[in-house]
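Numbers given in the working numbering equal positions in the sequence shown, counted from 1, plus 69.
No lab work stands behind these hints: they were computed from the structure.
With a Cα cut of at most 20 Å, we get these calculated DMTMM-like pairs of lysine to aspartate or glutamate:
| id | residue 1 | residue 2 |
| --- | --- | --- |
| 1 | Lys434 | Glu214 |
| 2 | Lys481 | Glu266 |
| 3 | Lys327 | Asp360 |
Model, not experiment: these values are computed from the prediction.
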Amino acid sequence: MIITTEDTEEENVTEATGTSNCLESGLTPDRAGGSPLLNGISIILFLSILLRVPYSQPSSRGPVAKQSYYIVALPGDGIGPEVLSCALRVLNVASPLCRIDFRIEEIPGGGHYYVEHETEWPEGSFEKCEAADAILLGAVGHEVEGKPVFTKPGKPYPEPQLAGFAQVILNRQKLDLYANVRPVKLYPGVKHKIHGELVQVWNPNKVDYVVIRENTEDAYTGETNSIADGQVTPIRITRRATERVVRYAFNLAQRRNKQLKVTCVDKSNIIGAHRFFREVFREVGQREFPDIALDYAYVDAFCQWQIRNPEWYDVVVGPNLVGDIISDNGATTAGGLGLAVGGNIGDEHAMFEPIHGSAPKHAGKDKANPLAAILAVQMMLDWLGNRHEDSRLNRAAQQLEAAVVGLLSEGKTLTYDLIGEAKAARCSEVGAAIEDKLRMMARDPN
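Whenever a hint applies, use it, and build me the whole structure from the sequences.
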């Protein structure tokens, strides 16, 4: 996600179409030995993975399965290249085992690229993103002498923007990625860092909801105007953008089929544009989704309720800025930003990312947690599988999530944010452990 110096300590940083094992391909794994993946995981938990709800909207055209999928990877800045490198290696391991070809093209960009070239990425990069079947993003936000790098006036934007704006905000806007979908799910075995100690605080059975933020407007349009003694950033909320994102939220609640409830989170008691968001939410819900319960919360109160009572929530939707805040806050209950993933999803395109920042102080140290980036690959596979009606991709997503669940359940090969500095594994070691689990599943699918 976007940047840098205010990242948290952690990173100072669908319905399946089948239940057969996609890794059962007859290919010989690169490494032998080891126990089956589901070490210590109950059959019930594994079945819950197989019955995961899709985050993609139902497709009216039903794009057909393909022999090859074109993936654009945007490593970005800071720890972005490290965590995305692990994720891409995992994808490369899954590819031959599942008999799916991924054509991956990495495009440099972000703040460090801007410092050298005065442009955020090479010419033609957006067109490649537009042509891709899906996009994977690492993180953007580079520092020089402890200060974030911003674009210069007129190069290319009228007002300075965080260098990396093109990869994140412009991709969201130009590709119409209107729904930012962020699951808040606590996996068994994950501890929480409270008062500097890792302890079990929340119950995994009571943390499982999804935050959806409108992704193209609000205060994130890049528009800022100067006034006599300061600057003004407008809050832009339109009917079209609001209707489609709340409709996405209601549809997701139906597909999840759990509490059948959608909570609208805003600051409508103060901000007029948020009152409009809430009014549109109510109109769409009452008119089109009579089976879904409508719930409301002001963002300041919601921030404490999602910590104290996460089990209250099923699907949560809000304006862009509000959704950004509450999804990061919710990550606390799921083990931190090192496990938090987001999908920027539209009707025709999607971009997936770990939601942590670029964490410049950890860059190049092989220390960052790659699991959020790996889960971004899992979310991407599931979206592609549903979009293209390709059950191989859905099964690959199931197996990859199961590999992550297995690693977390074992509680051994984990980064510092999940296990503490004394026992911490390196970023690359965690990625390799996930690769090994996928290979073991191919060897022993039972």
